[in-house]
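Colleague: Here is what each chain is made of, one letter per residue.
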Amino acid sequence: MLPARNKKDRNWTIRVGLASCGMAAGGRKVYDTFSTKLRDKGLDVELKQTGCMGMCYNEVLIEVSSPEGGHVFYGHVTPEQVEGIVEGHLIGGKPVTEWVIPADEIDNLLAKQKRIVLRNCGVVDPESIDDYLDAGGYQAIEKVLDSMSSDEVIDEVAKSGLRGRGGAGFPTGVKWSFTRKSLGSQKYIICNADEGDPGAFMDRSVLESDPHSVIEGILIAGYAIGASEGYIYVRAEYPLAIQRLEIALAQARERGFIGENILGYNFDFDMSIRQGAGAFVCGEETALMMSLEGRRGMPRFRPPFPAQSGLWGKPTNINNVETLANVPWIILHGADAYNNCGAEKSKGTKVFALAGKVARGGLIEVPMGITLREIVFDVGGGTSSGLEFKAVQIGGPSGGIIPASLADTPVDYESVTETGAIMGSGGLIVMDESACMVDVAKFFLNFTQAESCGKCTFCRIGTLRMLEVLDRIAKGEGKEGDIELLEELAEGVKRASLCGLGQTAPNPVLTTLRYFRDEYETHIYEKKCPAKKCQALITYEIIPEKCPGCGLCAKYCPVDAVSGRRKEPYFIDPEKCIHCGLCMSVCRLGAVSVH
Amino acid sequence: MAKVWFTLDGKRVEVEAGTTILEASQQNGARIPTLCHDPRLKPTAACRLCLVEMEGARGPMPACATPVAEGMVVRTVTDDLIESHRMALELLLSDHYGDCVAPCKLACPAGIDIQGYIGLIANGQHQEAVKLIRESNPLPLVCGRVCPRFCETKCRRNLVDEPVAINALKRFVADYEMSNGGSYVPEVKPATGHRVAIVGGGPAGLSAAYYLALEGHEVTIFESNPQLGGMMRYGIPEYRLPKAILDKEIAIIANLCHEVRCNTSLGGDLSIENLEEEGYEAIFLALGAQANQKMRVEGEDLPGVLSGIGFLRDVALGEGVSLGQKVVVIGGGNTAIDAARTALRLGAEEITVVYRRSRNEMPANDEEIEQAEQEGIQFHFLAAPVKLIAQNGRVDSMECIKMALGELDSSGRRRPEPIAGSEFNMEVDTVIAAIGQTLDASCLAQNGQVGLNRRGYISISEETMETSLEGLFAGGDCTSGPATVVEAIATGQRAAISINQYLSGQQITPPEKPYNCTKGELDEIDPKDYADVQRIPRTETLALAPEVRKRNFAEIELGFTDDMAKAEARRCLACGCQDAFECKLRELATEYKVNDTHYAGRKRHLRIRENEHPYILRDPNKCILCGCCVRICNEVQGIGALGFTNRGFDTMVEPALGMPLWETACDSCGQCISTCPTGALTAKIQLPKPGPWKLKAVPTICPYCGIGCNIDLNIIGDKIVKVNSPVDSPVNSGNLCRKGAFNPCSIHNLRRLKTPLIRRNSDLVEASWEEAITFAGEGLKQIKERSGSDGLAVLSSPQLTNEENYLVQKVARAALGTNNIGCLATPVVNESLLKSFGRNASTCSYGDILTSDLILVFGCDIPEDYPIIALKVREAVAKGSKLITLNPRATKMDSLAKVTLKVNRRTSVDLVKKMLAYIISYDLIDHDFVSSRTTGFQDFAEEMRRHSLEEIANAPWIKPSRIIEAIHLYIRARKPVILVNADTVTPAELALISDLALITGNVERDGAGIIALRTYGNAQGLIDMGVSPDCLPGQQPITDVATRQKLEANWGRPVPPGKGRDSVGVIQGVDRGEIQGILVVGSDAIGEIGNAIFEVPIFSVLIDTVFPENPPYPDVILPGANFTESEGTYTNCERRVQRLHRAIFPPAGKQNWEIVSALATSLGYPMHYPTASSIYDEIAELVPPYKVAMGNESTEIGTQWPFPKSGRFNFEDGLAWLKQPEFKSSEILEGLGSLSQWLYK
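Chains as they are written, first to last, in numbering that gives the first Met the number 0: chain A, 0 to 594; chain B, 0 to 1240.
In short, the hints are calculated from the structure, not lab data.
Just so it is clear, CB atoms sit at the ideal spot from N, CA and C, and this is done for glycine as well.
Hints are supplied without guarantee of correctness; some may be wrong.
[As the list claims (entries may be wrong)] Below are the DSSO-like pairs computed for lysine-lysine, each with C-alpha atoms no more than 30 Å apart in a straight line:
(1) K592/B with K478/A
(2) K40/A with K93/A
(3) K313/A with K891/B
(4) K313/A with K897/B
(5) K738/B with K683/B
(6) K688/B with K512/B
(7) K493/A with K602/B
[Unchecked claim] So, partial list: chain B residues that the calculated Cβ filter (under 8 Å) puts toward chain A:
(8) L91
(9) Y598
(10) G642
[Said to hold, decoys possible] In silico negatives: residues of chain B with every beta carbon more than 10 Å from chain A:
(11) M86
(12) P236
(13) P241
(14) N254
(15) R358
(16) C442
(17) E511
(18) D528
(19) N645
(20) D649
(21) V697
(22) G935
(23) D1029
(24) P1053
(25) D1176
The shape of chain A in the complex, shown without the other chains (with noise of 0.2 Å):
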């Protein structure tokens, strides 16, 4: 699946993707059953670990390549399939077929792919600075130093239509041009690594992935700002990033890429990881930095911008993860290889971490201008459930709903904002018909509300009244007036609020009060979820002709709301029912009914 190699595998190899999504679904067992067979078989195979490949539907998945050069790749994969893959592949020279991923799934899977930044993800080594070197690491900072000046790397990425991918879509070549014509000896370059959209995993991925792709584009960027340290701010939920940044810094450092007079030439870098406690807001600029300097993570109002007045007082320049690995690619492919791709406005690519009721969940990397649709469905390969395709949530909670019905609008910061979403970091939730729009307004309003920092009155306050309202409609106590009310405060939250946080907390009511009020005046006026998701709306029945009388719901219920007698059709008490579903879930025969 991947793009070319710069060094062809001279012998059978198998890589296990290894990073989070491989971990969680047993990755480590498989690579070290692979590893004691392969040790008992005594065969020449070469045992890689690598990130995370972009199927993460298919985990656990392994990549064995043959030294002809062809590669297969296997889903799912368990240990005790260990054994047959290396009898019947390695010895046997034929792929295990039934477990082997279809060809033309990958195919279906990349065909709209571009990877840029996730070009050595699934490939290289993490924790092997030789892996990246392998393929063309380091050379963009070894170009830059031997010959560009600041300037030039600066015009050179402002020229490549590079936007900051945090969300906001900042130009990258200015902001830095910004931080550079600050005045200072001591200027900083921080990457924000501290990804909390609720379903974005993007830049971890990249850091448990490619850790070096992003070292090296930060020490472009502090070369073409003069910043002598940078600062990694990940957060500390994402043990195995750090744990695959620090090695790579320590190699990196060893081989003279960090440190003093880098590779010879007059440039003295120095970079270190600081851990977040996990609070979303500090993935904003101003109370990333506050976090920094060991304060409690608070935005401030801006000016003065961090390029001028940032970590310290010092004048900053903070990139985002996916930015920063971006710039490698284009000091080394030059400025025009970036910009041929993407959008009028929005150059290059974007991650994204597809998740949600989509049939191929996992990290994908698309040009920009490419349509909702095809993500969806193309790359996605359509709903997971069968259910009808409803409406995607892009930008995590400071995002916004894009219904089906705009599938077709193309993925760039001014068309994704037109339609009251952002662009945001890259997480994009897929929801089918089983979506209620009450209780995903409800979801990210909640987490945005528990998030803000409490510093000024429309967000701290304002989100929870916003909160308030929604929880009423959905425990069907709305009442007439209600959705005015939430406008009144989504705008006036949304207006008035200090920082971005609060003023994109209301986009996920807003979206979907815009493209899904008939859903909300259904929950108000008739008291009725048509999503069948809020349970305070909804009633468990059961169907007479379809039950059996088996008392498998029954036997779950949890408050013994379910009775009956053996061989006839059981009956829910209304009065008990908590609405857990849990009896709908058991039932074989879809004798339940929810309305």
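Starting from the structure of chain A, add chain B where the hints point.
Modeller: For chain B alone, kept in the frame of chain A given last:
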């Protein structure tokens, strides 16, 4: 500063570059609301109220954090912004849990500040309490007796035990005032010439008359009855409201009126047209509701059938009423009960009240019913008369029918319905029908235009009391139907406001209703909130026993004693917010007329932190998270005791780990209180009850160190409640330390001298002022005659004002003829600055600290001793100034320092000498300065060169590199400022520090110099005033003939020419018997010097404020005044002369300068100063810089008197003296702190 211009609401405005939009609009009169802005703090833009619209900006911008940029176009008032402000406020208030105002006040129809007056009673300020009551109710004697107490049912104390006896307390203070010499009447405003007619002299009319008369209008009351009072006189029986009491209260109001015309009735003697013709511009109708409602039963008009109100009126008029034995009263209201009890007192044997509903529905006060029962009145419930039957032409029996209660009626009570066939008969002698009153509108008949409402009362606008006719207002029962006295008063008061507006040509608008946040009704409150309140039973008033009272008209209720009242007042829970009068949130909420239920939802309900700090009370329920406290503690104080915790809606401000504030690094400076815009942080008031009250702010100067911070003493009556500071103060910018913020409030706890005391036969006995002053004067005169002037001495205090110090030395020199003038507290005045520069004063100002690039602190724990200076140093360091400290001990400031050198008394002289040697040896001196401005360099340099350079390496305990670093930092600095504690460093140290500044040219240059910090409030003033054995006022040497002559000419007495004794000398003289008489003037002088000097049998006079704890005592003690009680001026350490204002009266009635003047007069040297400022005028004449320093009377904040920038030092040749101090380094002056320590160690 560079200027920029921008457009503010369509106006072109020019401001200094760097000004924020908020500051710019404040400077230009546009008011932008804000809650999180404090000029002392960096902007945070948290409250989101100050948003403005800026052309070209993506969204609204916070004005507090956005600096003005050239050409920017800003709008501060648009519909969107107003909507946004409203929303921000409503959101904040949707999470605000507390009572702005106590529920009792809200329940009171007249809106009396109940919590306020109860607090004053608890604090013993009874007169202030009545004053406060009269602001809303001019009839406290009456209301204190007859009010139905709507307040008490709302009292939050109901959740603990029983409500506070609010009304009894009101009666107590009203009685207290009456029995203590009459009634307080506020100042009447100048006469307006407008004439107002009040028709009806009942409570509504009297109340309107009172408030209108105070406004200066000419008020005439017309009353149809022979006397004023209305129902209070003719409806309420004597045993509840004695006429004598009523007369007193009415007299106060009648006296304010132009005229009272009794026996004049509307409809009869006058009409509205007449009044208008007579020239009354406004008329207030308060006619009452005095017509009886009919029973509508047969026989109603028979003789022996009386109306309740008619009956009571006849009794009040003293007309004989014959009742017979059996009296039946019909009705269930207060009039019925009053009639029944009055009948009892008139001798009727059997009295029955017949009421058609049951006891529960009776509208009469419970207490009244109970008392009636106790007195033996019978009640017959659920019965109604059907027919009255006569015999012999007089009622003889009454046929009644039994009733049953049915459905609820419109009044919310169950409707009584007759039970058919249940008729029964009652034998009666007299029937009194008291079933209600109404307005007799017949008197208005000829004034046809006066509109009536559906119920037959005069129709008015409820809020303004206007009738349908212009200039005609109405209130009281004639508009509402029968109601209570307090309700009538409220209408009168409201009418007065409207009439006043009408007369002064304004539009009549209802008074602005202040926003009130409330915790809700009693049943909405969690009783657990009050679980910790101590249960104390309600104090019951004294009352006559039923047997004693029931056959006479003596007043039943006897009220409270003083102790009972104070005890009861202390039961008050003080529900209303401490910040009610200052809360910015409430102010804005009122302005924007917010609806705090618009966004109602979950509210944080947190524990109030009452006992976690001795001075600070935290109520997190009122916190709006503006972060001002967090920022001031962190940014300004550098402490960081408070911070934010939690996230989202549950974010709160609290100390780390939720610790009690007292256990954190908190400095108790109270800065957080001063910056808190709401009642979330308030000062714990050092009085039994905290108020809140509308306080009077008296600007004065903090005496607790020499910095001279501007403070406002917030007082009510004779109590200092709290202290704050003006943010525009040039000295302290509104910042205060613990001493300034809290010490003045505990001044009431001191054991004060209240009467003069003189020694008679070895006992101190109380004496009159005259006696005591004559005694003191004679005593001192005798000694002068016996042992000459040299046998006399005077000690004065650096806590006294300039005027007082001046007078004390004047008494010494001119009246006693001695230069034996010593200083308390700092016995040896450090004169090194005088010797080096010719002036004993700082050479630069506090402002120079902020602009300095280097600050050298020498021998001074700034954060501990001069906290406000520490703030300035911290601010300067934050701006980039470097700090060097040379101190014996670590201070809280060391962490900010670039270099910290630990020195002690034994090493510091050595160290500075070595530094000087280094500078001279390496030729780092400022040659220009040294050659043109100083003298003595050659000798000095030679002396210093004797220290070899190697010695620097031998400097004790300090690495040479650190010393050299410090030297170079100081030399390289362009504007270095040295801070030194002039009261604790030795003269040698100070001399060498002066030399250091001189040879580097760092004196008398813009922004560079030495600031001599001093421990006591007026230490600098004391020096300037000539409290010195060898310096005259203005620091002129005693040897200076010209100055002496000038003084002699002014004083009319010779000035002794020889150097006298300083404190040390005086005390030695006392010990040796050379001093025979002494005058000590101080503010807690004993605390400063101890009372050992009184051990020696000499004649001693002490003017002081606090009673000496232990013997020996002086021969005469004259009770003086402290700084809160004195007028005058202080001179601070940067030589800013600032005015003290008297906040409260001295307990013995005299200020110190008055006492000293009187004493001088009795010494045969008459002094007659009319005011303290006349003394200042004399000082200004003799010490010209003081003329400049104060400017004129209206200058509240004195200007700083700079060290002369004339290019000349204050010597004849104009050159500063460079010299090696006379002290050897080993000679250490210990114990400069306290004189007694120095001598009696």
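Colleague: Taking the closest pair, is the beta carbon of C442/B still more than 10 Å from chain A?
Modeller: 51 Å, holds
Colleague: Would you check whether the claim that E511/B is not at the interface survives, using Cβ distances to chain A and the 10 Å cut-off?
Modeller: E511/B is indeed farther than 10 Å from all Cβ atoms of chain A, at 24 Å.
Colleague: Please settle this one: G935/B was flagged as non-interface, so is its CB more than 10 Å from every CB on chain A?
Modeller: Consistent with the label, G935/B stays out of reach of chain A, its closest Cβ about 45 Å off (over 10 Å).
Colleague: Given the hinted pair K592/B and K478/A, is their alpha-carbon gap at most 30 Å?
Modeller: Cα-Cα ~25 Å, so holds.
Colleague: Have a go at the G642/B hint: is there a Cβ in chain A nearer than 8 Å to its own Cβ?
Modeller: At 7 Å from the nearest chain A Cβ, G642/B passes the 8 Å test, so the hint holds.
Colleague: What's the verdict on K40/A and K93/A, does the C-alpha distance respect the 30 Å limit or exceed it?
Modeller: 17 Å, holds
Colleague: Within 30 Å, alpha carbon to alpha carbon, are K738/B and K683/B?
Modeller: 15 Å, holds
Colleague: Going straight from one Cα to the other, do K313/A and K891/B come out at no more than 30 Å?
Modeller: Holds - the C-alpha atoms of K891/B and K313/A are around 27 Å apart, at most 30 Å.
Colleague: Could you check that no beta carbon of chain A comes within 10 Å of the beta carbon of M86/B?
Modeller: 5 Å, violated
Colleague: Decide, holds or violated, for the assertion that all CB atoms of chain A are farther than 10 Å from the CB of V697/B.
Modeller: 36 Å, holds
Colleague: Minimum C-beta separation from P1053/B to chain A exceeding 10 Å: can you confirm that?
Modeller: 66 Å, holds
Colleague: Does the structure keep K313/A and K897/B at a Cα separation of 30 Å or less?
Modeller: 20 Å, holds
The earlier numbered hints that this structure contradicts are 11, 19 and 20.
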